[in-house]
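There are 2 protein chains.
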Amino acid sequence: MDLSSFLTSLATSFVIFVVLMLVFVWLSRKPENAVVYYPNPILRGSDPWDGARRRTRSPVGWIAEAFSASEADVVAAGGVDAVVYLIFLATVMGILVFSGIVLLPALLPVAGTDHALVDASKNNKTAGNFTSIDKLAMGNVKNGSQRLWAFLLGVYWVSFVTYYILWRTYKHVSNLRAAAKSSPDAKPEEFAILVRDVPKPSPGQSIKDHVDSYFKALHPETFYRSMVVTDNKEANKIWKEIEANKKKLARAEAVYAESKSTSRPDGTRPTHRTGCLGLVGEKVDTINYCNEKINELLPKLEAEQKITLREKQQSAAIIFFNSRPAAASASQTIHAQNTNTWAVLEAPEPRQVLWTNLPKKLYERQLRQAVVYVIVFLTVVFYMVPITFISAFTTLDNLKKLLPFLKIVADQIEIKTVLEAYLPQIVLIVFLALLPMFLMILSKAEGLASESHAVRAAAGKYFYFVVFNVFIGVTLAGTLFSSLKSILNHPTQIVPLLGRSLPGNATFFLTFVALKFFVGYGLELSRLVPLIIFNLKKKFLCKTEAEVKEAWAPGDLGYATRVPNDMLIMTIVLCYSVIAPLIIPFGVVYFGLGWLVARNQVLRVYVPSYESNGRMWPHMHTRIIAALLVYQITMLGFIILKEFCYAPFLIPLIPITFIYAFICKNRFYLAFAHTPLEVASREIKETPNMESIYTAFIPPCLKPEKPDDIDHFEDAQSHTSRSTSLT
Amino acid sequence: MDLSSFLTSLATSFVIFVVLMLVFVWLSRKPENAVVYYPNPILRGSDPWDGARRRTRSPVGWIAEAFSASEADVVAAGGVDAVVYLIFLATVMGILVFSGIVLLPALLPVAGTDHALVDASKNNKTAGNFTSIDKLAMGNVKNGSQRLWAFLLGVYWVSFVTYYILWRTYKHVSNLRAAAKSSPDAKPEEFAILVRDVPKPSPGQSIKDHVDSYFKALHPETFYRSMVVTDNKEANKIWKEIEANKKKLARAEAVYAESKSTSRPDGTRPTHRTGCLGLVGEKVDTINYCNEKINELLPKLEAEQKITLREKQQSAAIIFFNSRPAAASASQTIHAQNTNTWAVLEAPEPRQVLWTNLPKKLYERQLRQAVVYVIVFLTVVFYMVPITFISAFTTLDNLKKLLPFLKIVADQIEIKTVLEAYLPQIVLIVFLALLPMFLMILSKAEGLASESHAVRAAAGKYFYFVVFNVFIGVTLAGTLFSSLKSILNHPTQIVPLLGRSLPGNATFFLTFVALKFFVGYGLELSRLVPLIIFNLKKKFLCKTEAEVKEAWAPGDLGYATRVPNDMLIMTIVLCYSVIAPLIIPFGVVYFGLGWLVARNQVLRVYVPSYESNGRMWPHMHTRIIAALLVYQITMLGFIILKEFCYAPFLIPLIPITFIYAFICKNRFYLAFAHTPLEVASREIKETPNMESIYTAFIPPCLKPEKPDDIDHFEDAQSHTSRSTSLT
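The listed protein sequences correspond, in order, to chains A and B.
Read the first sequence against full-length UniProt numbering and you will find it ends at 727, with the numbers running on by one and no gaps.
Read the second sequence against full-length UniProt numbering and you will find it ends at 727, with the numbers running on by one and no gaps.
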């Protein structure tokens with residue numbers, strides 16, 4: 001890629017971004033779009049305040065607002081997890097800014113005033129296509145030149161900047177987490193622990209009684225009560241059917257009321273067919289039918305609830321304690337001598353518990369994990385194989401056989417050409433779009449206990465995928481393919497060729513990063529896709545207020561794909577920071593703009609679906625360190641390729657990084673894995689309402705109709721009545 | 001080595017053993033030797049019962065007694081650790097017996113009726129030296145023969161026998177440990193936890209106050225009191241001086257009394273010189289001098305104690321709780337958000353605390369550990385280098401220069417020849433004799449908190465040393481050196497040569513094992529060396545009762561060298577079990593006889609110096625598994641060498657072993673690393689005397705003269721007085 005085409009693509013992306021930002025400013029002012037651009041404050045009930053300021057705003061007002069919000073505001077809007085994500089962006093930006101301040105003025109002149117590329121193109125006509133960007137990179141420094149000292153020291157500078165900033169960030173996040181966990185507003189999960197691998201009770205004893213007697217004996221003073229996990233499949237099915245019918249009823253009533261208001265005063269009662277998809281079967285009056293159905297299902301649900309609670313108890317439970325320190329301490333103490341039974345861990349938030357995973361036994365979980373790891377490994381390394389296979393299968397001819405109605409379209413010669421050319425790419429795009437979901441399903445299949453843990457696991461898997469395939473794939477493939485011919489002709493030239501083509505890829509990545517932030521952030525900010533979907537849904541599908549609300553529900557930030565993508569950019573920029581320092585400003589813009597856009601989205605759009613109090617940070621930290629290590633090793637190899645005899649001076653950095661990671665782990669990590677007693681022991685505002693803490697964990701399908709029945713809920717699980725078991 | 005020389009050495013060893021056993025039976029009957037052969041029951045005060053039975057015993061009575069003792073007896077005599085050591089021996093014996101029952105009748109005929117060795121010697125005259133033992137080994141089976149199936153299945157049999165027996169043993173040991181830890185007799189360490197890395201207190205606050213306020217806040221209901229570790233170097237020095245003077249005084253008084261009783265009624269008052277080694281300086285009356293010295297030192301000690309307690313507090317403490325579950329739970333809970341401060345762990349027994357290690361900071365410990373590992377690695381791999389160097393230096397000529405008085409001896413031609421020949425070996429022997437001590441010093445230098453942990457660490461290091469140098473060294477060197485010539489002549493013959501010379505080493509190891517058990521156990525049982533040392537000491541050195549008692553003090557079992565040596569034999573026997581099944585009976589005798597002798601020694605001789613409740617077992621277990629893995633890999637390679645195309649059928653064993661080890665770890669290990677709450681919660685006999693629990697941890701040099709002063713001990717550490725700090 002030469003300079004002019006690079007600048008063209010850069011300019012195009014920038015124009016797209018500016019257009020999208022203007023679209024955003026224009027659209028977000030319209031009051032009818034408020035639910036798309038401001039769902040978070042609306043859901044938190046702070047709409048009027050925000051609305052007042054909104055109307056008087058300049059086009060860059062959202063930027064000022066994003067800057068002026070305090071960390072407490074962000075916590076209130078998006079939780080600690082969102083703050084930690086923003087901190088992550090700011091941290092990487094900080095690393096790049098500090099690196100750039102030194103590297104740009106130091107390395108660009110050093111590289112620019114040498115002329116290895118010119119010399120090379122003089123000697124070897126075939127490889128003489130370099131741009132002025134390439135001239136400002138390390139590839140332009142002659143082999144073995146003393147100028148390489150500057151680059152070597154640059155690696156040290158970047159490494160120490162990273163160490164320093166990461167240390168400060170880890171400390172900050174650790175304090176944030178501690179503050180959140182010791183906040184005076186007690187949260188239900190802080191009083192509970194999760195017990196898995198409950199052993200078989202003795203005959204005649206229910207699991208509930210077994211759990212109760214076990215924990216009462218071990219925690220006589222702090223045990224409050226327990227809740228045994230049950231197999232809710234049946235109850236859930238009935239409950240869902242009721243909910244679906246309730247929704248249908250509301251919708252039918254809205255349709256009926258609408259039809260009434262126009263000309264005929266009694267309107268048309270909506271009807272539907274009871275068969276498959278409402279297409280076949282008997283035609284019935286929807287309102288009556290749904291009412292009947294609900295009345296029929298409600299007692300069935302109640303009966304099923306009782307059966308579930310009594311007979312479908314499973315080998316996991318949630319134990320409630322009457323104080324936070326007691327729960328924190330119990331979750332870290334080994335309970336049973338047989339350590340694969342009564343395994344305890346901190347209870348996740350009620351909303352993020354993966355109930356069906358809880359009863360899975362230890363060895364099942366281990367086995368599942370092993371299988372999942374193997375699948376992920378195969379996916380990361382060989383994902384091209386099934387895609388090639390599917391591409392081969394989904395030729396136009398095959399498709400025509402399967403779907404005859406395509407024939408008319410596909411026989412037209414222009415369409416045929418286009419389709420044949422793009423089908424493989426479409427398969428790839430579909431695969432890449434489905435990949436995060438696939439990885440999330442795999443992570444949940446490992447048997448993890450909470451949504452946030454599954455998200456972390458999925459993010460890790462996605463990180464491996466993108467780093468392996470984008471970074472390593474492009475670097476290696478780019479180097480090898482572009483040089484294959486030269487290598488075949490002159491096999492000894494492989495070393496100088498590698499030395500020259502690695503920086504050549506820098507231009508590719510520059511474009512990649514630029515495209516990513518301008519177009520990606522523009523789309524993110526303007527929310528064009530959600531806006532269109534919402535308006536379509538509102539016009540054609542939604543009848544009731546609840547349905548409209550569902551249509552604009554913003555969802556959460558989606559860390560599982562967002563974080564690894566940022567990680568990829570970070571790895572790329574870090575690795576090229578010294579080779580081609582021009583990439584640094586692009587990295588700074590990527591993370592700076594990303595921080596600004598994400599802050600806006602956190603404050604106004606996304607609604608967190610869970611809160612893990614920054615548990616994601618150690619995960620991010622480790623990956624940044626891993627990227628740093630990749631960078632140091634790459635640079636070592638790269639400077640060796642440059643025939644610089646002082647290259648071994650870079651070797652100490654590698655053990656230093658390991659020691660640094662080790663110290664960080666010792667200093668901070670455990671406080672993320674467990675709740676320190678110090679944190680759990682801070683005072684809470686008022687005596688917590690234990691009843692409501694307990695109720696928070698009852699799954700919706702098992703919630704009794706009347707809230708007073710909570711005690712019956714517990715009694716139902718126990719074979720002995722509650723009054724006797726407490727004495 | 002041919003058959004006759006093997007049988008000769010076997011017979012010689014056996015005769016030595018029988019002679020030593022008879023010596024033991026004869027000597028142990030003499031009442032004056034009771035303190036050498038029965039120190040354990042004497043110290044436990046059960047002498048008369050044992051003495052009555054002793055006199056009527058047949059020569060094999062000790063065997064009957066060793067067999068008849070119950071596990072409870074052994075626990076009473078030697079503690080759980082000794083039982084676990086015996087169980088370890090019995091377990092390995094069990095594995096070998098079950099392996100042998102199948103392998104011997106199955107494999108010996110299969111090997112014996114083939115004739116690869118005869119054929120080989122016919123074809124190749126140079127390598128034709130094989131014994132009839134070699135004929136019964138796998139080396140006699142022709143390459144690629146279907147007979148190798150028997151050996152392949154033999155590997156499976158041994159592996160599964162090992163899995164099964166190890167599982168049963170682990171379960172048994174786990175129960176033993178739980179029983180010991182939940183025994184109704186409460187032990188002081190069960191109520192205490194150890195805190196390291198106490199952060200700096202705020203100015204004006206002592207560490208003691210800091211610790212107290214921290215733990216009082218986090219454990220308001222269960223905290224009893226704390227004891228800050230102090231730098232006792234000075235106090236200890238004075239205390240030791242006092243003790244030495246007391247001893248000297250007692251000795252002088254005994255000498256004086258003795259001299260009185262004979263002819264002169266007033267006797268001679270013993271005198272000594274105050275200078276270096278009692279050789280120079282003023283001559284003084286010992287009794288008066290010591291009395292004066294003691295009276296002078298006592299107030300000095302008291303003053304130093306006060307200073308130590310108040311001003312030499314260090315960043316570690318022992319925290320006492322008022323119940324066992326509270327201590328167990330606290331020792332497993334992370335206390336501080338900054339996880340490299342306030343690190344908690346279970347308190348070791350008072351007698352095995354390594355006080356000087358406690359205040360060492362986390363990073364210092366890590367650094368020390370890393371340095372120690374490097375030193376151990378160098379020692380294991382390159383220990384021959386310094387020995388060669390020292391050998392080169394300690395030539396006779398050099399020695400003569402340094403120690404001129406040797407000249408007269410060394411100039412005699414016969415002595416000179418012998419010395420020159422043996423000096424290098426002597427250096428090696430001295431090195432090997434000092435190695436366990438060296439490894440123990442290294443392990444303690446790691447900064448471990450307890451003696452038993454240091455012993456485990458030293459045993460691990462010693463294991464690596466013996467396995468690497470004896471097993472791998474001999475196998476590889478034996479194979480390579482004996483075949484080097486043939487390999488040089490016919491380089492392609494290396495594979496069949498390896499295949500033949502590995503079983504050749506089996507004979508060497510057979511002799512090694514036999515020598516080891518017959519001579520080693522004979523010496524162990526007869527206790528000739530301690531007997532001689534005791535009698536010499538008694539005759540020439542000991543004057544007082546206390547000195548005599550010290551002279552016969554039996555010491556403990558010395559796990560640090562005993563366990564790795566047994567491990568080495570186990571590794572050897574396991575690895576050769578299928579290659580040369582004849583080794584199995586020798587292994588059985590080694591472990592059977594070892595069990596018998598050790599049981600006798602545990603019941604009658606050794607006195608445990610600490611009790612770790614079988615904490616050694618996971619260490620042993622892991623090493624047995626490691627040996628099994630070495631065995632499986634060796635066998636895989638070996639059967640491949642035999643050109644057997646079904647050799648890959650052995651591959652599944654390797655992951656199976658890993659999975660087995662993993663399951664064992666999940667199932668049992670954590671209950672060894674921490675005390676399960678279940679175990680700590682069992683009822684204790686009576687309300688423990690907290691005062692005495694606290695006193696048990698006071699180091700002897702800080703113990704006040706009057707036991708009532710315990711409270712003052714605590715007050716001394718605190719800046720605020722105790723009454724105020726408790727309110």
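In short, the hints are calculated from the structure, not lab data.
Hints should not be assumed to be uniformly reliable.
Pairs involving identical chains hold if they fit within one copy or between any two copies, as the list cannot separate such chains.
[Stated by the list, open to error] Cut-off 27 Å, straight-line C-alpha distance, at most; resulting in silico cross-link-like pairs (DSS-like, lysine-lysine):
#1 361 with 665
#2 416 with 539
#3 187 with 216
#4 216 with 237
#5 361 with 171
#6 142 with 300
#7 361 with 543
All values reported here derive from a predicted model rather than from experimental measurement.
Hints and how they fare:
1. 361 with 665: Cα proximity of residue 361 and residue 665: across copies only (16 Å, versus 29 Å in one copy).
2. 416 with 539: Answer is neither: 35 Å inside a copy and 111 Å across each miss the 27 Å cutoff.
3. 187 with 216: For residue 187 and residue 216, both the intra-copy (23 Å) and inter-copy (25 Å) Cα distances are at most 27 Å.
4. 216 with 237: Cα proximity of residue 216 and residue 237: none, with 34 Å in one copy and 51 Å across.
5. 361 with 171: Classified as between: cross-chain Cα gap 20 Å, same-chain 36 Å, threshold 27 Å.
6. 142 with 300: neither (81 Å within a copy, 75 Å between copies)
7. 361 with 543: The answer is neither: 45 Å in one copy and 67 Å across copies each exceed 27 Å.
Of the numbered hints given earlier, the model fails hints 2, 4, 6, 7; all others are met.
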